[in-house]
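Trainee: Residues per chain, in single letters:
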Amino acid sequence: MPILKTKKAVDGLSSGQVLKMLATDPGSVSDVQSWSKRTENTLIDHSEDGGVYSFLIQKK
Amino acid sequence: MGEKRAKRMALIASKGTLDWAYPPFILASTAVAMEMEVAVFFTFYGLTLLKKRITAKVAPQTNPAMPMKMPFGPKGFQEVEWPMPNMLMGNMPGFETMATSLMKETFKKKGVATIEELREICLESGAKLIGCQMTMDVFGFSQVDFVEGVDIGGAATFLEFAADSDIQLFI
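Going line by line, the protein sequences match chains E and W.
Under my numbering, the residue at position 48 of the first sequence is numbered 48, and the numbers go up by one with no gaps.
Under my numbering, the residue at position 118 of the second sequence is numbered 118, and the numbers go up by one with no gaps.
I should point out that these hints are in silico values taken from the structure, not numbers from a laboratory.
The reader is advised that the hints may include incorrect statements.
Claimed, not checked - In silico EDC-like cross-links for lysine to aspartate or glutamate, where the CA-CA straight-line distance does not exceed 20 Å:
hint, chain 1, residue 1, chain 2, residue 2
1, W, Lys110, E, Asp31
2, W, Lys110, W, Asp19
3, E, Lys5, W, Glu35
4, E, Lys59, W, Glu35
5, W, Lys108, W, Glu81
6, W, Lys7, E, Asp11
7, E, Lys5, W, Glu124
8, E, Lys60, W, Glu35
Every value quoted in this text rests on a predicted model; they were computed, and no experiment measured them.
Can you build the whole structure from these sequences, using the hints too?
Mentor: Now the structure itself:
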């Protein structure tokens with residue numbers, strides 16, 4: 001679900017805008033990197049705090 | 001030269017039990033989210049996954065080895081892994097129904113979408129879901145039994161798409 005929701009959210013952005021996404025799914029760390037690479041959006045940063053994974057994704 | 005075409009994934013979904021229903025819809029919805037073109041060909045028991053109301057049950061017999069945890073009760077209890085003795089699975093009436101309820105409850109607790117939700121996401125995002133004409137004839141299904149947005153085709157329809165695809169999987 002994190003990837004599906006991320007895609008939807010990023011689709012709603014304009015080029016250059018940045019999305020902050022929070023997920024509790026540990027698999028999302030690898031998935032978001034793969035997704036960003038495949039869709040050529042930029043994963044600016046990601047971190048984790050107490051089981052919540054946080055991602056900053058910039059729309060291409 | 002020309003523009004690179006998008007990656008393509010061609011899946012065949014041939015099974016209709018709940019445990020086999022998730023893989024094609026998870027793969028298809030994720031692939032579309034990754035901007036791939038997707039076609040899923042539903043044949044044999046997979047056809048039942050296109051019905052308006054999905055009544056797929058878990059088939060515990062296809063899981064002879066993996067112990068399962070219960071999705072209810074106190075925390076310690078939920079950590080216990082229960083082996084599934086083959087004798088029970090085959091002979092206990094109602095086991096399949098119970099296993100299905102438990103599986104659905106487990107998925108709900110972990111925040112996994114239902115099959116219907118995933119299918120809707122697939123349809124909304126442009127994944128092609130194709131019902132196998134031949135199986136439909138043999139089993140007596142017709143397009144009206146299916147959810148809206150499903151195409152109908154035969155093996156050649158699938159193969160034409162698959163021939164020019166990057167990922168091909170049989171489920």
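Trainee: Would you mind marking each hint as holding or not holding in the structure?
Mentor: Hint check:
1. W:Lys110 / E:Asp31: holds (17 Å)
2. W:Lys110 / W:Asp19: holds (15 Å)
3. E:Lys5 / W:Glu35: holds (14 Å)
4. E:Lys59 / W:Glu35: holds (14 Å)
5. W:Lys108 / W:Glu81: holds (19 Å)
6. W:Lys7 / E:Asp11: holds (19 Å)
7. E:Lys5 / W:Glu124: Roughly 13 Å separates the two Cα atoms, so the pair holds.
8. E:Lys60 / W:Glu35: This hinted pair holds, its Cα atoms lying about 14 Å apart.
Violated hints: none; the structure is consistent with every hint.
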